[in-house]
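Undergrad: According to numbering that gives the first Met the number 0, the sequence shown holds residues 0 to 772 in order.
For the record, the hints were derived by calculation from the structure and aren't laboratory data.
Where hints are given, some of them may not hold.
What the hints assert, rightly or not - Just the calculated beta-carbon pair ranges, DEER-fashion: (1) Thr27 to Lys182: 30 to 36 angstroms; (2) Glu458 to Pro580: 20 to 26 angstroms; (3) Thr732 to Glu556: 17 to 23 angstroms; (4) Arg719 to Glu458: 17 to 23 angstroms.
Unchecked claim - Below, in silico cross-link-like pairs of lysine-lysine (DSBU-like), each with a Cα-Cα straight-line distance of 30 angstroms or less: (5) Lys538 to Lys95; (6) Lys389 to Lys182; (7) Lys177 to Lys389; (8) Lys609 to Lys712; (9) Lys235 to Lys95; (10) Lys95 to Lys389; (11) Lys636 to Lys609; (12) Lys636 to Lys712.
Predicted model only: the values in this text are computed from it and were never measured.
Don't be surprised by glycine CBs; every beta carbon is placed ideally from N, CA and C.
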Amino acid sequence: MLPAPSETSAPTTPVQSSSAPEAVSTGTPPPVFLMINSFETGGSERQFAALARSLDRAAFDVHLGCIQNIGPLGEGFRGVAQFGLGGSLYRMQSVKTRLRLARQLRRGDIAIAHAFDFYTNLTLVPAARLARVPVVIGSQRQLGDLLTPAQSWAQAAVLRLCDRVVCNSQAAADGLLKQGISKRKLVVIGNGLPDSAFAETVPALARRSGVLRVGMIARMNARYKNHHGFLSAAAKLAQRQSNLEFVLVGNGPLRTELENYARDLGIADRVCFLGDRQDIPAILASLDVSLVPSDSESLSNVILESMAAGVPVVATAVGGTPELLNDRRGVLVPPNDENALSIGVEQLLKDGSLRQRMGSVSREFARANFTLDAIRSRYQDLYRELLEQKNWRPATRKARRGRSNSPIRVALVAPSLRYVGGQAVQADLFLRSWKGDRDVSASFVAVDPALPSALRWAERVPGLRTMLREPLYFFSLWRNLRDVDIAHIFSASYWSFLLAPVPAWAVARLRGKKTIINYRSGEARDHLQRFRSAVPVLKRTDRLVVPSGYLVDVFREFGLCAEVVPNVVDLSQFCFRLRNPLRPRLVCTRGFHSYYCIDAVVRAFAEVQKAYPDAHLDLVGGGELEDEVRALVRDLKLSGVNFAGVASRQEIGSFYDRADIFINASRLDNMPVSVLEAFASGTPVVTTAPESMPYIVEHERTGLLSEVGDASKLAQNVIRLLRDSELANRLATNAYEESRRYHWSAVREQWLSVYRSLISQEEHGLVSAAGRV
């Protein structure tokens, strides 16, 4: 158990910081970037504004940012940078915002990035890590019980990236400990009150003899503040005492509802709605009791301000409130108990000496622990301590050096083999093939980094998995693209394009690296028509490379210039042989997805089996439609169909070797590696002809083509090969010769040419820049 606060000490911190050095001896104040959601009149916003104004400008170079530059607390701040999220933390606009923020942090050589609330935690912390800011600090200024489970997990994932998380109460810190945030990262620093909060103030509402006032100060935008409970307790008190007035300070969307509720309770003439006020000390000077009936609080500013003003408080015992109030400093009541609220208030209203004594004790407690000077000193000590730990010194720009005699450093950004797919297989093949190469040093950045063990369960929840993975992906990109020359980014289409290639492209540009988008999806035309934002990204990449002439033609329709470097086939996995005689043993190595039309393969096989009862079909792959395909096999009463599942790189060659015909029925494709693998194995290819296929398979020379969706024609072509072994051998031989274009030795030279041309452009650019200087 952590010790409780004493009468004269602030709430303890889970980690007691050591004495911080007086200054980081650099001669240059470290740039500090503070960020808040908005400048509305909430507690977090008031604390942000107070700290931003009070930090020692001789010790820290203060920069401010926000998500929404709205609200009265922003008055007097100049040059506040706004980073709007476009209404969502997870859409493309928010990704662009984080990248823009990271760029600004990097350009400003920011030494400390400090996020002040939930929205800025999820915005600033990933951007700061992306920009390699030395010290990153998050905040927890609420209990977390008002967040959705997804929001809570997302914030916890981001807070793990921080050097420290400042909590304004022990209760808030305990909540993060339960979520698995390291105890070492947590520090409790309470809210700070300016000197004006303790000053004697003329009441905003004139005092009237014999009249007692009970007030509540809270924005009317959230039900957990429990304004209804205040009004219900007020109605009970009004029935027992006629000399009471009730004051509500704040504004928001609930105000009309609350005014109507006061009218329904019959106390409208006893309740004064004052709206938003900036003169809180003067309001408190008008009150006899301050009521805080919230269902959730971390460390209430209103309680602290009331204590500083010497106004006794009745509050619900939630969150960090018991850290402030005890039986000498206030009255605590159970939450959601209007009767207890009214009794607690009545206890104080009937005893003037108790009110005076309790107000005096609480005032001294607040002065001892929560002055703005004391809180500011704790923040500044924390900043200095962390900078000292990071050995921070003013940034110096490193001169770039020529690398003409060194290997070209290439980062392959692609899916990992955790989920077997065409891009993952190709990237793995590239990485293995470049290993030990004298001209290229290749590294790998996974677009699907594994989640921490505590969040591993989320791998099974697609939307949540992506949300939690993106910050890890950004951090991995920033770290792994630092020391490379070129980012070689594998790309699919639609949302995958936005979530994987676009961040890699943006981070590479932010890092000043050359970019290649290696686009590999046959859905390119539909993608570019529906996602118009993709075209500017593709136009601004340094090189757009595709594996087939089909995509070159598609991109040309959108004003994009692409060049062809084909896919690679690893010949070590496959053994070429001619089949003589040809047996009715078929193989299809495509996933169970709608565009691969495995149902058409099964229907074609059904016709083949009528002519060749001993026919056999291996379906090698997996996917969301597997159950439907299995049901179709049962409905057609087929035998000899083997659902082999997903095959590893080491296993795939054996399926081609024991088959005599490769069959494919896709309706959409680009340059399927499976067809190239069949070429290399000597397995004759029978396939439908989506728009891209004739760029790879030449009818009656390297394979047989049929119209998309025509299972009967597909079956006829299979039967034609089974009856014409000479044709089958000719197709297999020609296809094998064609496959030589896809050997590593041939493809390596093409990629090396692309890489060298980019490096040549960079060196020419550096020479030009040096000449201008």
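Undergrad: Next, verify each hint and record whether it holds.
TA: We went through each hint and held it up to the structure:
no. : hint                                 : verdict
1   : Thr27 to Lys182: 30 to 36 angstroms  : holds, 33 angstroms
2   : Glu458 to Pro580: 20 to 26 angstroms : violated, 48 angstroms
3   : Thr732 to Glu556: 17 to 23 angstroms : violated, 36 angstroms
4   : Arg719 to Glu458: 17 to 23 angstroms : violated, 46 angstroms
5   : Lys538 to Lys95                      : holds, 17 angstroms
6   : Lys389 to Lys182                     : holds, 19 angstroms
7   : Lys177 to Lys389                     : holds, 28 angstroms
8   : Lys609 to Lys712                     : holds, 15 angstroms
9   : Lys235 to Lys95                      : violated, 53 angstroms
10  : Lys95 to Lys389                      : holds, 29 angstroms
11  : Lys636 to Lys609                     : holds, 12 angstroms
12  : Lys636 to Lys712                     : holds, 21 angstroms
Hint compliance for this structure: hints 2, 3, 4 and 9 are not met, and every other hint is.
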